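A.B. asks: In case you want the letters, here they are:
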Amino acid sequence: MRSMTCRMSELLPAYAAGSLADADRDRVRAHLADCARCPADLAAWQAIAAAVSPAHQRAPEPAQLVRAVLTRSALDAGPTDFEPGPRPFRQPWYLAALVLAEARLIRLAVPVASALVMALGVAVVLIPGATGGAGSAVYPGTVAGDLLALIAPIVAAAGVAGAYRSRRDPAAELVAATPTSGRLLLLVRLTLVLGYDLVLAVAASAVLAATAAGTAAGLNALIGAWLGPMALLSSLSLLVAVRFGPDIALGTAVGVWALRILAGGVFAGDGWPARLVVQAWSTNVAVLAVSVAFAIAAVIAAGRSGPFAGEPNNGWRATHPM
Amino acid sequence: MARTEPGSDAALLRSVAAGDATSLARLYQRHAAPLFGYLYRLAGDRMIAEEILQDTMVAVWRSAAAFEGRSKVSTWLFGIARRQAHNRLRGRAFPVTIADLPDRPDQAAGPEELAIAASGGTPVAAAIDRLPDHHRDVVALVFVAGLPLADVAEVLSIPVGTVKSRLHHARAALAAALVAEGVCE
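Here the protein sequences come in this chain order: V and R.
The numbering of the first sequence is my numbering, which starts it at 1 and goes up by one.
The numbering of the second sequence is my numbering, which starts it at 1001 and goes up by one.
For the record, the hints were derived by calculation from the structure and aren't laboratory data.
Heads up, a few of these hints could be off.
Label pairs and their in silico Cβ distance ranges [claimed, not checked]:
#, chain 1, residue 1, chain 2, residue 2, range
1, R, G1019, V, R104, 36 to 42 Å
2, V, A44, R, D1133, 20 to 26 Å
3, R, I1158, V, A50, 48 to 54 Å
4, V, R37, R, H1134, 16 to 22 Å
5, R, A1066, V, A74, 17 to 23 Å
Computed from a predicted structure; not experimentally measured.
The beta-carbon is built from N, C-alpha and C at its ideal position, and this holds for glycine as well.
Required output: the full structure, derived from the provided sequences and hints.
C.D. replies: Laid out in structure tokens, this is it:
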């Protein structure tokens, strides 16, 4: 009968569990002797206590457990302690480290060759008579602009073609295995290569503008001669490199650029195709916009090409399906 | 708690916070049996219980400095153990818990016998394994961990009255289960 339950029965579970303080335990013990109901109640609690006690299970040895705890604590101290919350200074440092690491991966031959070709171009303009006597003395400004427009775009396009992981890259396999996304690496490398080529071309323009050869044209006109074509050819080269690989990209860039030169020189005419070609290879808003669109498309494609994200779709891979 | 007696749980924990592994071993040794028994009861498997025990002691080792002395060390310890058990057992399929045992129709003996064998051989133990989680937790903390009811209330963050009512609820459910199985009467 629950209604007859006495106040002592409150203490019976703890009594059965052995967790009562001494004074209470003695009170319960005394009470059990004269209560009609409590002993049966206690027996039920004791049955439960006996049933749940894992008597045959010995706890692990302290020495062994502490050794395991210390090992584990040493092994995974970092992640569990620092995982929650943003890492405030990670981004700038991380990017700087990434740029440095990528800069070390670019083969020395690429920047050296670019600089040599550019220097050669400047030299050709500056050395009297080197341009066949037709230009340098009479129209120095035009020759300087034409030469820069001829050299700067193809130098940049060649550099960009090689910027997307080529099989000649000694670190390609390592890079492909890092958790950093292929897109981010591509962007970093592009920034490095294009930035370097831009600096080269601007420096060449400045040298020419400062000397007699460029006085007729001025620095802005010289930069305008190559900026648009450089952007268009590089972005086209990048898009092809991402989709078909660096070799095809380089070939495409050279081929397209040859067509442009031929259209401007050998096949020069007043027909609309020639005018269109010249328009397409000059510095204006439309050309720059198309270049930006090409570049964005290339970066997007770099992230989703094939099941091994970030790798060229065809041929050689750094990761192999088993 | 401004001062702690030398050799007390709180003093040991302070040494643990200072990086003393021997104190961690001594602290564990004091509570090993109830602590492991409690985790074994929750996990129902020795290997898993040992893993949770390790999780618990790793957490103690790392956060000993965070102990503020507002509760007993044992309460704090079981609170951590319970949380670690919860983390590790969360995704696991528990044995079917039946909230309203008295209404349960009689079942064939096959699975019952298996459950009884799995839980240490007694029908009472098998019935306890089928209790809802929050009831089983109270039973384990009271009878296996051997914590006073007030400490159980603190570990579970519930009033003492609720601890008592859950205990009686668990007992009633057990009795009903045993009657249904024809073990008693």
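A.B. asks: Now, for every hint given, state plainly whether the structure supports it.
C.D. replies: Here is how each hint holds up against the structure:
Between G1019 (chain R) and R104 (chain V), the C-beta spacing of about 40 Å keeps the proposed range 36 to 42 Å intact. At about 22 Å, the beta-carbon gap between A44 (chain V) and D1133 (chain R) stays in the expected band of 20 to 26 Å. Distance hint check: the CB atoms of I1158 (chain R) and A50 (chain V) are about 26 Å apart, inconsistent with the given range 48 to 54 Å. Between R37 (chain V) and H1134 (chain R) the Cβ separation comes to about 28 Å, which falls outside the hinted range of 16 to 22 Å.
Checked against the hint of 17 to 23 Å, the C-beta distance between A1066 (chain R) and A74 (chain V) comes to roughly 20 Å, which is consistent with it.
Hint violations for this structure: numbers 3, 4, all remaining hints satisfied.
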